[in-house]
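Assemble the whole structure, with the sequences as input and the hints as a guide.
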Amino acid sequence: MLGYLNDLQERFFTWCDNAVQDHIDREGTILKKWRPSKNPDGSYDLVFELAAHDESASKFTMPVPEEFHELLESEYFINHPPGPRRRDLVLIINKNKKI
1 MLGYLNDLQE RFFTWCDNAV QDHIDREGTI LKKWRPSKNP DGSYDLVFEL
51 AAHDESASKF TMPVPEEFHE LLESEYFINH PPGPRRRDLV LIINKNKKI
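Note that this note's numbering has the sequence shown beginning at 1, numbered continuously upward.
Please keep in mind that the hints were generated in silico from the structure rather than gathered at the bench.
Where hints are given, some of them may not hold.
Stated by the list, open to error - Computed list of lysine-lysine pairs in DSS-like fashion (alpha-carbon distance at most 25 Å, straight line):
#1 K38 - K59
#2 K33 - K59
#3 K32 - K59
Written out as structure tokens, the structure reads:
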């Protein structure tokens, strides 16, 4: 079972899960990788790659709602600064959800 430290984290990861699920258009599609990306204007995008079977991954970008920007600043970029040893957040997809 996955636990969250607070309600905002839970809402953020639920939003991420739903954003990715909305782009999965067929059975067998898998999430290859994902990351938040900060834009020059201070906004954030969720960048993720999906692939089906042995096909090349397709890249998608979605704007992250403003309510999560402070969370990303404090939890992600402060605790996981960019660099060669950067660690990415892990997104767990609910595989029981019907697509």
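Status of the hints after comparison with the structure:
1. K38 - K59: Since the Cα atoms of K38 and K59 sit roughly 16 Å apart, the hinted pair holds (cutoff 25 Å).
2. K33 - K59: holds, 9 Å
3. K32 - K59: OK: K32 and K59 at ~10 Å, within 25 Å.
Hint check: no violations occur; every hint is consistent with the structure.
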